[in-house]
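Order-wise, the sequence lines are chains A and B.
Under the numbering used here, residues 75 to 237 are what the first sequence spells out, in order.
Under the numbering used here, residues 23 to 217 are what the second sequence spells out, in order.
Just so you know, nobody snuck in bad clues.
Simulated restraints on C-beta separations:
#1 B:176 x A:78: 42 to 50 Å
#2 A:130 x B:40: 28 to 36 Å
#3 B:201 x A:135: 53 to 61 Å
#4 A:104 x B:56: 22 to 30 Å
#5 A:89 x B:101: 50 to 58 Å
#6 A:156 x B:189: 26 to 34 Å
#7 A:200 x B:118: 47 to 55 Å
#8 A:131 x B:189: 22 to 30 Å
#9 B:23 x A:97: 52 to 60 Å
#10 A:130 x B:28: 41 to 49 Å
#11 B:189 x A:97: 22 to 30 Å
Output of the computed footprint for chain B on chain A, the stretches with three or more beta carbons under 8 Å from beta carbons of chain B:
#12 119 to 125
#13 178 to 185
#14 198 to 204
#15 218 to 228
Simulated from the structure, these hints should not be mistaken for lab results.
In this text the structure is predicted, and so the values were computed from the model without any measurement.
Cβ coordinates follow ideal geometry from the N, Cα and C atoms, glycine included.
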Amino acid sequence: MGLLEHKFQDNVVVASMDKLLGWARSTSPWFFQFGLACCAIEMMATAASRHDLMRIGMIPRSSPRQADVMIVAGTVTMKMALRVKKLYEQMANPKYVISMGSCATSGGPYWQYGYHVLKGVDLVVPVDVYVPGCPPRPEALIEGLLKLQEKIQAERPLTKKTA
Amino acid sequence: MRAYLRTIWESVSTLVTGMTITWRHMVNIRKGNVTLQYPEERWPRPERDIGFDQDDYNVIRSRLHVDMDDCIGCLKCERVCPVDCIKIETEKVDKGEDIPDVGHTGITSNGTKKALLLTRFDIDMTECCYCNLCTYPCPEECIYMTGGPNSEKHPIDYEFSQFDRNDMVYRFAKEASEEQVEKATCVKNGEKKNG
Chain A
75 MGLLEHKFQD NVVVASMDKL LGWARSTSPW FFQFGLACCA IEMMATAASR
125 HDLMRIGMIP RSSPRQADVM IVAGTVTMKM ALRVKKLYEQ MANPKYVISM
175 GSCATSGGPY WQYGYHVLKG VDLVVPVDVY VPGCPPRPEA LIEGLLKLQE
225 KIQAERPLTK KTA
Chain B
23 MRAYLRTIWE SVSTLVTGMT ITWRHMVNIR KGNVTLQYPE ERWPRPERDI
73 GFDQDDYNVI RSRLHVDMDD CIGCLKCERV CPVDCIKIET EKVDKGEDIP
123 DVGHTGITSN GTKKALLLTR FDIDMTECCY CNLCTYPCPE ECIYMTGGPN
173 SEKHPIDYEF SQFDRNDMVY RFAKEASEEQ VEKATCVKNG EKKNG
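Modelling step: build the complete structure from the supplied sequences, incorporating the hints.
Have a look at this one:
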């Protein structure tokens, strides 16, 4: 994809190809399970049969090479931040990041005095959707994922970027 | 010849047996099916069991909401917050007076006369740990978690994902310019303006 990205003028064929690509990407965002703390329990519950992430085409992968979405679930410590960055860089393009829970979003309860906690995972990787909660319920996580799907669908990967 | 026919019969009969099971599952698809079709249907949000009768207590984990018309600016919620995610700033105004310029009502729904104008009431929901501790000391019961026991006051809201982190900071104070606030305050340079 990388060679063709943003290389075409806007016309009927490119626009419909863009739509097809957006649909294809958004309906099967395999996620890279990145459970770091208690949010991981809710992420497991989301992938289990009651809330069944397979309905929206999401399958948990254990390798960053096979994943499209990284769900950073839990407290990112300074030590782990290096690994988060490294694993994010190992993912293939297009890649998206969901920051799940208070801790990953802003440091959460550790935002003030946590000497060992990264104050928001967006300091090391670009985050697409922030899911609130401590930890978020599975419904809240799925809502965030549906929001991410909308965002992916609205992207125009082939068209030349104007402005 | 007989072996040939038996092979055909075996293949057909085993196919029918297998397909019968498949069809039975297809017909009874909703029986014993645990999956919730989330955006269409959802579980009721369970209330928290805090170990004693909880009718009078606000025990649900969702977004915090503040009724600004009832807030008297006593800072109790700000002090009790274990993670300091509530930020409040106040200005002194005439007690019990309505100031429509800045959206300030003088008297709360409980009948308390307000002496402070709230210029800032921010709750950063990314830092909140949903412990409910701020809701207990509030003398006017104006800060509460949405839904659950408070569903008449505000419908439940716990799915509020954002694309931008700053959108998760909820600013409850009424919009007012600095001049309007200046005009409304009764203390100026350490002296009372009127009365």
